[in-house]
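Novice: For reference, the chains in residue letters:
Protein chains: 4
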Amino acid sequence: MGHNSFGDKVTITTFGESHGAAVGLIMDGLQPGLPLDLDFIQKEMDRRRPGGNSLGTPRKEDDKIEILSGVYEGIITGTPLTIIVENTNQKSKDYSNISEVFRPGHADFTYTHKYGIRDPRGGGRSSGRETLARVAAGAISKLYLNRANIICEAATIQIGNIKVSQSECNWDERTSNELYCPNNAKAEEMRNLINDLREKGDSIGGIIECRIKGLPVGLGDPVFDKVEALLAHAIMSIGATKGFEIGEGFNAATLTGSQNNDEINSEGFITNHAGGTLGGITSGQDIIFRVAFKPTPSISLSQKTIDKNNNNTEITIKGRHDPCICPRAVVVVEAMSSIVILNLMKEISLEDK
Amino acid sequence: MGHNSFGDKVTITTFGESHGAAVGLIMDGLQPGLPLDLDFIQKEMDRRRPGGNSLGTPRKEDDKIEILSGVYEGIITGTPLTIIVENTNQKSKDYSNISEVFRPGHADFTYTHKYGIRDPRGGGRSSGRETLARVAAGAISKLYLNRANIICEAATIQIGNIKVSQSECNWDERTSNELYCPNNAKAEEMRNLINDLREKGDSIGGIIECRIKGLPVGLGDPVFDKVEALLAHAIMSIGATKGFEIGEGFNAATLTGSQNNDEINSEGFITNHAGGTLGGITSGQDIIFRVAFKPTPSISLSQKTIDKNNNNTEITIKGRHDPCICPRAVVVVEAMSSIVILNLMKEISLEDK
Amino acid sequence: MGHNSFGDKVTITTFGESHGAAVGLIMDGLQPGLPLDLDFIQKEMDRRRPGGNSLGTPRKEDDKIEILSGVYEGIITGTPLTIIVENTNQKSKDYSNISEVFRPGHADFTYTHKYGIRDPRGGGRSSGRETLARVAAGAISKLYLNRANIICEAATIQIGNIKVSQSECNWDERTSNELYCPNNAKAEEMRNLINDLREKGDSIGGIIECRIKGLPVGLGDPVFDKVEALLAHAIMSIGATKGFEIGEGFNAATLTGSQNNDEINSEGFITNHAGGTLGGITSGQDIIFRVAFKPTPSISLSQKTIDKNNNNTEITIKGRHDPCICPRAVVVVEAMSSIVILNLMKEISLEDK
Amino acid sequence: MGHNSFGDKVTITTFGESHGAAVGLIMDGLQPGLPLDLDFIQKEMDRRRPGGNSLGTPRKEDDKIEILSGVYEGIITGTPLTIIVENTNQKSKDYSNISEVFRPGHADFTYTHKYGIRDPRGGGRSSGRETLARVAAGAISKLYLNRANIICEAATIQIGNIKVSQSECNWDERTSNELYCPNNAKAEEMRNLINDLREKGDSIGGIIECRIKGLPVGLGDPVFDKVEALLAHAIMSIGATKGFEIGEGFNAATLTGSQNNDEINSEGFITNHAGGTLGGITSGQDIIFRVAFKPTPSISLSQKTIDKNNNNTEITIKGRHDPCICPRAVVVVEAMSSIVILNLMKEISLEDK
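Protein sequence lines correspond, in order, to chains G, W, U and L. Each residue of the first sequence is one higher than the last, beginning at 0 in numbering that gives the first Met the number 0. Each residue of the second sequence is one higher than the last, beginning at 0 in numbering that gives the first Met the number 0. Each residue of the third sequence is one higher than the last, beginning at 0 in numbering that gives the first Met the number 0. Each residue of the fourth sequence is one higher than the last, beginning at 0 in numbering that gives the first Met the number 0.
This is chain G alone, in the form it adopts within the complex:
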């Protein structure tokens, strides 16, 4: 399987550079017969879109999806489903000043060393625009999961030092602010912090929490393909992620067994420190995990770097960039999680036979 593919039962393959003709997706292995809800997919695409909220970059991109194959009279046929989004907003000139130097915190340095060729038009495959294809695949995965009453939702629970603790968390509020923050008051604080940093030409990191509800018992495998291993792989393949934790996560290091073990009674598990899996297999409880995102590396403050000939120089990155990636990354986290769970659901259907 190529490095641009993910998932072994339902395989997604993404393609396209940020400023080539198009970016796109092939999804292979879908169960035939489901109506393809184009409106839902487009709505998910819009959640990811730059300019989709007042906090991000005001670049306007339409991100209109086009179906090339795999659908007949509105129904998924089970053949490879291909979606493309044309790149209509190609401003290659914007990138001319960065084609000769390596931007700190970006893939420029490593990408150039690896491939020899670097397409200066926006980062090649390292561009955030590649996530368009992931979101499309995630939306289609959700269509299947929702039919099985599985819900996958993420929220921004921390930006900088502004945190939403579990007791402050009101999950329903996450859809009533642009940050997908499950606490509207904290969302306002976060918004102010982001706007401050934008004015200073700086950026800020954050943490996203994802909850998956309605799962059956038995997804995943006890050795190399534990649910948390597959999720960690999927999530850490999203650009700018720096950490993944499930259930108590890093806090588990401070707990004793008697604190951390989830006791059971005839009505089920009494607590959910584990975060929804035991021995790598879903327990039927909600999966709860968190993802750390680094601050956007594109800042307009001056930074030391080198050019292609290893000469010292400084760089000031022009253009408009998101000071915090979290609001737009929420839907990407949901997408990658949904793709993992859809694959596991296909797997479990095997085990029943």
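Hints in this document: simulated from the structure, not taken from any laboratory. From a predicted model like this one, the values you see are computed outputs, not experimental measurements. By construction, the Cβ of each residue, glycine as well, lies at the ideal position given by its N, Cα and C atoms. There may be inaccurate statements among the hints.
[Unchecked claim] Derived DEER-like restraints, expressed as beta-carbon distance ranges: (1) W:SER164 <-> G:THR270: 45 to 55 Å; (2) G:ASN194 <-> W:THR270: 58 to 68 Å; (3) G:THR270 <-> W:ASP306: 13 to 23 Å; (4) W:GLU262 <-> G:ASN250: 31 to 41 Å; (5) L:ASN194 <-> U:ASP171: 44 to 54 Å; (6) U:ASP306 <-> L:ASN194: 55 to 65 Å; (7) W:PRO34 <-> U:ASP171: 46 to 56 Å; (8) W:LEU33 <-> G:GLU266: 33 to 43 Å; (9) W:GLU99 <-> G:GLU266: 45 to 55 Å; (10) W:LEU33 <-> U:LYS212: 30 to 40 Å; (11) G:ASP61 <-> U:GLY115: 29 to 39 Å; (12) U:GLU99 <-> G:THR270: 24 to 34 Å.
[Stated by the list, open to error] Partial pick of chain G residues on the chain W-facing surface, computed with a CB cut under 7 Å: (13) ASP61; (14) ASP220; (15) THR255; (16) THR304.
Please build the complex by placing chains W, U and L on the supplied structure of chain G, with the hints as guidance.
Specialist: Chains W, U and L in isolation, oriented as in the chain G frame:
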């Protein structure tokens, strides 16, 4: 590829239940010609062995490796290298009391629901004994990596609330105490905490840090197979892991771009907040990541649970168990990391052509 | 890896139904740096095109390729290379009469049973139009192989009972007739036979021979991935193939060991009964294999069949169809072989390290 | 997936050299709950065993299977099932005379060039002894298939020029002679031919036909994973195979569409020229395919060859070898076919959901 295999260039497949005839490993895709240093492999196995230190369970297992194939006159031939370790210490009776109930924090519940069959003799494939095969594979991977001057080393940096901060960290001290703690004084504190909890019948979690040095620029791939994604998959497939972070990890959420970006000058990167990768590709800096381990679920304190017929009951787990898994998990973390890096090294040799 | 993908080092994924928006190809894993010769690819596409010769269906399709990604300023970047061909000649009406019945010799029956949904517009993924993507991938593979002085060429050596024996074979003549037959006189006989059968509304099978020259010693693997096993998989995945043989092939059944063994002297192998491999690994001799194609199932003679409700009926297939698939299949055989060899060449570069 | 593995739903991995400690098999992905019929497996192993019939080599090997994992109280648990067969008959000295020269028709030349290292003890992974693991995997596959009323049986239908035509074929007679020939009179002729050639120090090729009955409609996939492509891969991965054909096979080249198409009526297909698949998907008819085997390359007649230093020399291969591989290969053909079909059966269970 089956769920008991990992790695697509050098593929390891592990097999064996904790108390069956043997556990073992097949390693396929090795470069022919390297002498197999059996002493080194056995030493690595001994690092993992229960009873290998004064803190763990006093169960004595020999864990003698036996080579079934893939070696001729002491040289690796490139054919599948098979190693088995016989299970000589089968005390199935020890487990009779737990065969009817689900141990909190263990895979008993999920495993039974998934497979229908549960081998009560020690957890089936969820047994820690499966890591024997991983350690053997890791040792062989290290033989190759060391030849390329790549060093992969892990250390216990936190147990409970006893932490070794970066300023307190003396990496060389990690080999002078049983905990692989890079600070002997903290190691003594940790040892006291573990012994206290053992007497109480309880257990404790911890954090392991892993550093990989000597890497070339260019390992990994910019989309789904980012180095950190492959490492996260590998590490989160180890039992009892709850979190993975690279570089600044979860702390990156609190940083600004100007704090977190690693500036560059003509001598290289000035800092290493990233933890050794940019855009999913190694930058030539050290890879530094951390792993959270939960407290061992086997505690002798009484816990609420249910039996197979969903009746409420209580369980007290007999036998001797490690109150903290970290000292033995250090070598498993190194092993899984080494397997990932060996696979990526094989990959990069392709790119050169 | 999805069922619409092939190749583990250089992975091709094809998509598109015969009469949807487009058919296409993603090729992942290409070595960066090679100029993409669009003219060569288009010429290969034209060799496959219906109406590309006077013997086939006169349907005119342009089959113009369009590059969506993976190329920058004419150079292959190593990112997924995506090619599409729009379906401009959609005559869905042509197929209305066959949407209710199962055409004998076609995939209609099995496809309908497998997927539940059948797109009557030309056979879904079973359409010959899917081979467009294979030919594009083959053309790109040839660009790489030719640079390594590896040449892959196929020829029509039998149609019906008209055979070109090895002594009659003049390999250079294959490019001087539309049938790619390595004997112009036989080509004329074949052409007459095909035209006769076309007038009768019938069709005819044939045999294609493929020769791959310039191979290094050592491609392939001694167990499941023998060169001949990979080639057989690739070739038998082409529609209408019924047999694959290498070297002496089925004739080997009649030979003794002393007749069939290829003796060796200091200048190399004295004969090539093996067809270029020993123990599944290339010997440096030419690979020579043959493929049997069945007669095109689309014939205008009346045939017994059933409709979707299992009622007996008869069918007469309208429209223009190739009475013999071989002239157009020659380039598809070359394409699939080239993809296999390109994958093996990537593999061997590993072994050198 | 490594090169010593096959099958993506139920994955077999084989290991072991002919004269190392053991050869063996891991089978991953089996459905839990089936009793493991050890007697049946051992009987299948005995069918493959040298000395299992009066025609083959009189070398006696016990080939006793030993289960290392994956079975609990006689029931398959679904964890990796590991079987080994110890190599008790190690006569390394027998091979001393061939370690310096390349045997014509053997993998010696290619293997040495590929790996640099050659274990002279019987051919390394190219040894026929590797098929032990395939037969064990095939036997286990048959246990599952038989439960679904799928029967996979092969027979020797040609040796040299002695052929059993379809009209002479009495399938039931295949179990009443050592050659698995479906015509006892022809079997006697074949036996005489083989014995003649043995006395002359020569060998002979043959053809095996395999029939798979009781298949559901819908196995396989319309593009790269057509049933015949997967079978061809599996079969051509058996040593000494030179050709694979399904249904009419190479004879289809001589037929017209009106002769070759299988017409249908309300009771089903009227003929079976196709050999059980349409568009790569099973039609519910019997799969019928044939495999060409070359004559055993080990002959005691003198042959020209070279030594490791490229000096001309002659070789006379000592020891006892099968003059014809077909009688023992019958069970290997059945095994590889059964593994393919078991994988496809797992796949189809997905499609139902």
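Novice: Does each hint hold? Answer for all of them.
Specialist: So, going through the hints one by one against the coordinates:
| no. | hint | verdict |
| --- | --- | --- |
| 1 | W:SER164 <-> G:THR270: 45 to 55 Å | 31 Å, violated |
| 2 | G:ASN194 <-> W:THR270: 58 to 68 Å | 27 Å, violated |
| 3 | G:THR270 <-> W:ASP306: 13 to 23 Å | 20 Å, holds |
| 4 | W:GLU262 <-> G:ASN250: 31 to 41 Å | 32 Å, holds |
| 5 | L:ASN194 <-> U:ASP171: 44 to 54 Å | 47 Å, holds |
| 6 | U:ASP306 <-> L:ASN194: 55 to 65 Å | 57 Å, holds |
| 7 | W:PRO34 <-> U:ASP171: 46 to 56 Å | 52 Å, holds |
| 8 | W:LEU33 <-> G:GLU266: 33 to 43 Å | 56 Å, violated |
| 9 | W:GLU99 <-> G:GLU266: 45 to 55 Å | 19 Å, violated |
| 10 | W:LEU33 <-> U:LYS212: 30 to 40 Å | 35 Å, holds |
| 11 | G:ASP61 <-> U:GLY115: 29 to 39 Å | 35 Å, holds |
| 12 | U:GLU99 <-> G:THR270: 24 to 34 Å | 60 Å, violated |
| 13 | ASP61 | 23 Å, violated |
| 14 | ASP220 | 4 Å, holds |
| 15 | THR255 | 5 Å, holds |
| 16 | THR304 | 5 Å, holds |
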